[in-house]
Structure formats: C-alpha cells, structure tokens
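Number of protein chains: 2
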Amino acid sequence: MSAESIEAGFGKLFLIPTPLSRTGENTTLPAATLEIARSLDHFAVENIRQAASFLQWIQHPVPEFEVHFFPLSKSTSELRLQEYVNLMLNGTDLGVLTDAGCPGVADPGADLVKQAHKFGIKVVPLTGPASPILALMGLGLGGQKFAFSGYLPSKAEARATMLRELEQHSAQSGSTELFMETPFRNLETLKAATSTLRMDTQLGVAANLTSPDELIIMCEVSEWQRRKFPDIQKIPAIFGLKAAQDVQLAQKLKRKAVKKKFSA
Amino acid sequence: MSAESIEAGFGKLFLIPTPLSRTGENTTLPAATLEIARSLDHFAVENIRQAASFLQWIQHPVPEFEVHFFPLSKSTSELRLQEYVNLMLNGTDLGVLTDAGCPGVADPGADLVKQAHKFGIKVVPLTGPASPILALMGLGLGGQKFAFSGYLPSKAEARATMLRELEQHSAQSGSTELFMETPFRNLETLKAATSTLRMDTQLGVAANLTSPDELIIMCEVSEWQRRKFPDIQKIPAIFGLKAAQDVQLAQKLKRKAVKKKFSA
Numbered sequence: 001m002s003a004e005s006i007e008a009g010f011g012k013l014f015l016i017p018t019p020l021s022r023t024g025e026n027t028t029l030p031a032a033t034l035e036i037a038r039s040l041d042h043f044a045v046e047n048i049r050q051a052a053s054f055l056q057w058i059q060h061p062v063p064e065f066e067v068h069f070f071p072l073s074k075s076t077s078e079l080r081l082q083e084y085v086n087l088m089l090n091g092t093d094l095g096v097l098t099d100a101g102c103p104g105v106a107d108p109g110a111d112l113v114k115q116a117h118k119f120g121i122k123v124v125p126l127t128g129p130a131s132p133i134l135a136l137m138g139l140g141l142g143g144q145k146f147a148f149s150g151y152l153p154s155k156a157e158a159r160a161t162m163l164r165e166l167e168q169h170s171a172q173s174g175s176t177e178l179f180m181e182t183p184f185r186n187l188e189t190l191k192a193a194t195s196t197l198r199m200d201t202q203l204g205v206a207a208n209l210t211s212p213d214e215l216i217i218m219c220e221v222s223e224w225q226r227r228k229f230p231d232i233q234k235i236p237a238i239f240g241l242k243a244a245q246d247v248q249l250a251q252k253l254k255r256k257a258v259k260k261k262f263s264a
Numbered sequence: 001m002s003a004e005s006i007e008a009g010f011g012k013l014f015l016i017p018t019p020l021s022r023t024g025e026n027t028t029l030p031a032a033t034l035e036i037a038r039s040l041d042h043f044a045v046e047n048i049r050q051a052a053s054f055l056q057w058i059q060h061p062v063p064e065f066e067v068h069f070f071p072l073s074k075s076t077s078e079l080r081l082q083e084y085v086n087l088m089l090n091g092t093d094l095g096v097l098t099d100a101g102c103p104g105v106a107d108p109g110a111d112l113v114k115q116a117h118k119f120g121i122k123v124v125p126l127t128g129p130a131s132p133i134l135a136l137m138g139l140g141l142g143g144q145k146f147a148f149s150g151y152l153p154s155k156a157e158a159r160a161t162m163l164r165e166l167e168q169h170s171a172q173s174g175s176t177e178l179f180m181e182t183p184f185r186n187l188e189t190l191k192a193a194t195s196t197l198r199m200d201t202q203l204g205v206a207a208n209l210t211s212p213d214e215l216i217i218m219c220e221v222s223e224w225q226r227r228k229f230p231d232i233q234k235i236p237a238i239f240g241l242k243a244a245q246d247v248q249l250a251q252k253l254k255r256k257a258v259k260k261k262f263s264a
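Top to bottom, those sequences are chains A and B.
The first sequence maps to residues 1 to 264 in full-length UniProt numbering.
The second sequence maps to residues 1 to 264 in full-length UniProt numbering.
It cannot be assumed that every hint is accurate.
Think about it this way: if two alpha-carbon atoms lie no more than 20 Å apart in a straight line, the pair counts; the simulated EDC-like pairs of lysine to aspartate or glutamate are [stated by the list, open to error]: (1) B:K118 x A:E220; (2) A:K122 x B:E223; (3) A:K118 x B:E157; (4) A:K122 x A:E165; (5) A:K12 x A:E165; (6) B:K122 x A:E165; (7) B:K145 x A:E165; (8) A:K118 x B:E83; (9) B:K191 x B:D246.
Coverage of chain A stretches by chain B, computed from C-beta distances (three or more under 8 Å per stretch; other residues unrestricted) [what the hints assert, rightly or not]: (10) 185–198; (11) 212–219.
Hints are computed from structural coordinates only; laboratory data are not their basis.
Just so it is clear, CB atoms sit at the ideal spot from N, CA and C, and this is done for glycine as well.
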C-alpha cells in the first residue's frame, strides 16, 4: 500500500500529550487535545494504570473496562505494531498515551508512527507540555539551534567526557545543549557539570516543570560554584548548557569547509 | 543583585506561546496559558499588530490602548532589555508574545530571559504549540536524541553540504535532525534533499501544523524520488531526517573515545 492512499476510510493515529505533573492546578492540555482524547476508546499505552488514571482525570465518557488498552514500549515487536496498524487500516482511530509529556519525544511512540506512515495512515500530533521545549524557553539559552541528547552516561568518567563533548559542540555551532538524568542522579550530575565545564559556560536546570514548585535556574558555571545547590534530587529535571562561542575553532571549520568546496 | 533574591516582590516573566495557525478551530492553548495571558497588561512583543490581534482573539479584558507593548527582537539593545527588567524588579509582571509558537524557540525572547535570570527574576514558560516538537512527534523518526538546526543556507551548494552534514551526524549519533526553510523555498529544499541524501535516509516534512490542512509525510528518500511532491510551497513547514546508523563509523568513534580515555 502506498503512502498516497492516505485517509480513504482509515482510522487516524493521535499522539496525545499528558501532564508533566499531577497537581490539581495543572491545566497544560488545550481543549482540542482533551476533546480528542475523550472521543477515542482505543489506546496504545506506555503504562495501563497511568493511562487509566489519566482518562479518569479528564472525565473520559467511556467506562474504564470498555476502553481498549494495548501495550506500547521500546520493546513492542513489529508484529504487534502491525496489529495496531491493522486496527487503523480497518477504520479505528487509535490514541497514544505515555506516562508524561509528548509521545515520541524521550518517550515511546515513534516506532508506531513510523509504521503508520508506511501504510498511509494519517498521524496527528496534538499540543501539550514537552519538557525539553519548556526548559529551552525557560533557560533562555537560545533556541535558534538546539539539541536534546537524552540521558547522560551514568559512570563518572563517561559522563564527564560527554559533558565536555556537548560543551565543545555548543562552542563550535552556537547550539543550546539539553540533556537529562535519572532523577536520583540529578544532584550528582549538577555537581559533575559545575566541576567539569568551563567557568564561562552557561549552565541551567529546569525542574518540576509546570508544577507550582517549578524551579528554573540558569547562570555561569563560575556562579554555580559559589552558590548553594538547589533541591532537585528525585524530581524530573532537564539540564541545558551553552558554551561561549569558540571563534577560532568556528573560523577554522569554516576555512576547512570553503577549502573542501573549492577542491571538490 | 544575586540570583538567590528570586521573587521577593519582583514581577515575573511569562513566556506565552501563540497559535501556529489562525483558524477558528484552533484550540492549541491550554486554559492556564490563556488565563495568564489575560491577566497581564505589559507585554514585550515581536510584532505589535500580531500581539494586539492575539489579545483580541483571546478576549483580553483590558482595552487595547491601555495595554503596554514593548518591542522585542534579535536587535533589541541590552539597554532596552534592562528597562524591561527594571519593570519586573519594580513588581510588574511582563508577558512575552511572538508571532507564532513559543518565545525563545526559533523566535525572539531568549536574550530577555537570560537578562531576567541575572537579576533573580522568576521565569515562567507556558505550554503551547511548538512546531519542532509537533514535527518530531508526527514524523516518528525518534525523539530520544534530536537536534533542531534552524534555517538551511539559501545557496544550493552550501545547502547540499549542510544536508550531508546533518545526515552524517544522524548516522553517527542516531539523532533525528530537524530544520526549516523560508516558506517560498520549501519545495526547492525538498527537491534538494531528495537528490542529495542517501536512498535509505528517512526524510519527512510536517507542514501547516495544527491547522485543518496539516500535512505530515515521512518516507525513505528512494520513495520520495518516485512520488509526486506535496503542495508545501509558501506554507510553514519543518523538515526532519534520520539516516541509517553508520555502524562502522560509530564503532570507530567509540574505539577512539576508549583509546582517549585510557591514554588520558
């Protein structure tokens, strides 16, 4: 089946963001996202309990035991994904729900989307909270160019190497580098960053995003070394860094590119 | 003033996303975002007419001529930004409004945020539509690692070089590479990508995001070469690519890193 056959009676694949924090005050989902989530009764989910609790919270009109839940994780087999695709080929709309944030962004979902595109099924990403974007906005390190690298390595040496690589990449390209950590290693990572990075590198942390105790701090490494570390242990956090532009290196790379161009 | 003095009677800086498409159906802003936007009467804006029209659209309660608008662009001087910071230091809340999408993400705003952090002013990023994230979700290329590189160079040769660099970076690191184009060059860019990239590279385009005629297409370059190009000229679009992992190169880089580690 070719991708041109899009729509023609097929169901659609809706990517439904969920809140980053479960506080009563949380109102980070737009009306359209809530409305579509309430209109579906088939969901591919990262975690069935989380998904059921989300549907209850948004007052989904279908009783919990009449909603169809299908497992979705990094390890969901292609055969299984094909079953979900078949559902949509037969006209059923399918929603994707992950535990928090946007499906397919540091969360499962992408494999199913890829499979859906192969069969010409319409994919509809819905608006909701995305922690990398909220961190990018809140840190103010610049979002013309940015990269999200996921989790840092857990071992100290490899982590330091990675931090230096991100810093170097930022210095060369002018990009903001975002990364994250398993929450119980947040403080360790912040300490590692402040002792590994250059004094004039901007370093920030955005924790508990969208919750009433949201915490966003950004300053130079030299200032981090002077201040008390914030209480970010065991809470979800995104880190960001931006290095002072390495003018010499940028020029060297540019000369190399020009040379390559003329010798080609 | 140190960053520890956060809050203490200061105003806050609210980063307010705006819709990506102005259709009646557009409901991509969460209740909390709308509520906060309606509660402010001081705004730093990319474009005063766009900002005024946005406030009218959300039924802002203060008459237009009583709202205070301040210009905000890449070229806003540091002196001017300091005036805005002074407002907040004196207790006034300030909102940031760009033309479409999230302030500070491929849009102005970051310089003011950076300045605000220096003075310990609380920065609050609000949820709303972000085209790079919606594209990332919708293309299904994977969001564990991704990079957004902004605009490609406009000249053909430099653009081809950049496309190959993005492809190589993706092959080495496994990242999804996102970029954009001035809308009237969309088709030219898509053609360039399909004739420059490897046959087995995944290439996608996400156009008119959040609007009723949203268009999201993703397939391998080899399939792009067979199909009719979609009508994406002059409409906002985000492109994404992911290359087949270059296993040899990845191993070579890993060996190099290990060697470096042991020789250090």
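For each hint, the structure was consulted:
1. B:K118 x A:E220: Given that 20 Å is the threshold and the Cα spacing comes to 10 Å, the pair holds.
2. A:K122 x B:E223: 18 Å, holds
3. A:K118 x B:E157: At roughly 31 Å apart (the allowed maximum being 20 Å), E157 of chain B and K118 of chain A break the hint.
4. A:K122 x A:E165: Distance ~38 Å between K122 of chain A and E165 of chain A Cα, so the pair is violated.
5. A:K12 x A:E165: Violated, because 40 Å separates the two Cα atoms, which is more than 20 Å.
6. B:K122 x A:E165: Distance ~30 Å between K122 of chain B and E165 of chain A Cα, so the pair is violated.
7. B:K145 x A:E165: Holds: K145 of chain B and E165 of chain A sit about 15 Å apart, inside 20 Å.
8. A:K118 x B:E83: 53 Å, violated
9. B:K191 x B:D246: Judged against 20 Å, a Cα distance of about 24 Å means the pair is violated.
10. 185–198: violated (count 0)
11. 212–219: holds (count 5)
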